[in-house]
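Throw the hints in and build the complete structure from the sequences for me.
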Amino acid sequence: MTDGPLVLGIETSCDETGVGLVRGQVLLADAVASSVDEHARFGGVVPEVASRAHLEAMVPTIERACRGAGVALTDVDVVAVTAGPGLAGALLVGVAAAKALALALDKPLYGVNHLSAHVAVDQLEHGLLPQRCVAMLVSGGHSSLLLVDDVTIGVEPLGATLDDAAGEAFDKVARLLGLPFPGGPYIDRRSSEGHVTIDFPRGLTSSKDIARHRFDFSFSGLKTAVARWVEARELSGQPVPVADVAASFQEAVCDVLTRKAVDACTANGVDHLVIGGGVAANSRLRSLAEERAGRHGIAVRVPRPALCTDNGAMVAALGAEVVRRGREPSGLDIPADSSLPLTSVII
Amino acid sequence: MLLAFDTATPAVTVALHDGTAVVAESTMVGAMRHGELLAPGIEQVLADAGVTPRDLTRIAVGVGPGPFTGLRVGVMTARIMGAVLAIPVVGVCTLDVVAAAVMSEEPFLVATDARRKEVYWATYDRESRRTDGPHVAKPDMVATRCPVAGRGASLYPEAFPHAIDPEHPDAAHLARLVVGAELSPLSPEPLYLRRPDAVEASARKRVL
Ligand SMILES: [Zn+2]
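Residue numbers (the numbering used here), protein chains in the order written: chain Y, 42 to 388; chain F, 180 to 387.
Hints in this document: simulated from the structure, not taken from any laboratory.
The beta carbon of each residue, even a glycine, is placed where N, CA and C say it ideally should be.
Possibly wrong hints are sitting among the right ones.
Chain F regions said to be covered by chain Y (calculated; three or more residues, Cβ under 8 Å) [claimed, not checked]:
1. 212-225
2. 241-252
3. 259-266
Below is the structure:
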């Protein structure tokens, strides 16, 4: 579908300044400026550093997206922006930029939910979402299983992490193995050189836990178990087999994620699983999800890695979908809501 | 047609100047709600004057110093509007905007709330020309019997016993400063005056 309004999406919920341009389900440009290097020495995202970087990166990133799509800023028909959830100060920069665009262009504004956008972005890759699907969002900030009927109305949370997000566990384990931040890609790379030799715990998978937390996750116990194992090795004076520890940790995370995601699909009679968020870029997660889902006749939809991490295209994709479905735009007085609930797609 | 606004204090203030006079203005005081108030304020001022964004020829924005979150709302809005409309954007020190409204027979200070029990401050001569600053400091480090305008004076009466008006900046004065070319404008960069709070990652904690 190449007709429909030209939608510009802005994403600033964490450390990526993302600007995407979408028409219908066609991605025209996706420009991202990341401040990740500025956060690396702090071992995590520093909100004020991220907010300052968003302010500086915004206009150049918008211009880059327009050049990439071969359009003028004045061609934009609709402005969409992540209104939450995310870092309050960071969100506010994006929301201010989106309002100023809508105001100066005299075009409608949609303040949308970041998590719904992670689901909607798959439409750019695999066409319209099925009538009903389960979405698993896994990143440094979220780990959730959602039941999605209409991504523009709201999603039903099935489960979420009780402690660390999956991506956070990757970052923490990477740090204790002496690998750089953000940890995900480094763990993935080192894992491919090692073997699954250590049986690390799978959180919330015992029958007792399943009764209460069937679709919830817990990764802090796993992280602690890895830390204990590594320290015991160090104390005994033996070298730490980094590749094997990475592979064993990664296997534990992917095992739990895919097991619960497939269970969520079968329990709800759903035959499509959408995976989004930065951790969806993990090669083992993709292959294990496809293997296990395939056994149950469930199709797995994972957008390409650049669309899994936070980006503006996903916000534009959701913006295009809310326009297609005829939803009402937001007012220029909307707040940035750092704890926007999943049930609120447009604010 | 100049659009001027400032969000570096609890006031969200917007004004429109047609080159001769201020033709519309709006000021709302709503601490922590800059992001919600500014765009509707601009929309209101444009509507009041019967002007569309395309009629604007220049934008002026207060660049602080001021609490970062609110300050960025103004600067981001100015930069985006400037980019869309392809018009120049200039910055003005927010303390100068406060000073522009002061009537004083003697040199004075402007002090605004910098939170964390500190003030942003600058000194001015009788003609409201800045002579020192802007800086950020504890109020007792800059305590004075001179007249002091800005919210800092009402917040810290022991350091600043001689409080004078105004308490907040007014975009009408910001617009007049720029139109009257009474100062050389700045680029639209926030005057943060403080580095971000952040501690570098320490060695990892032991769990055993
Ligand atoms: Zn995300």
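Broken hints, by number: none
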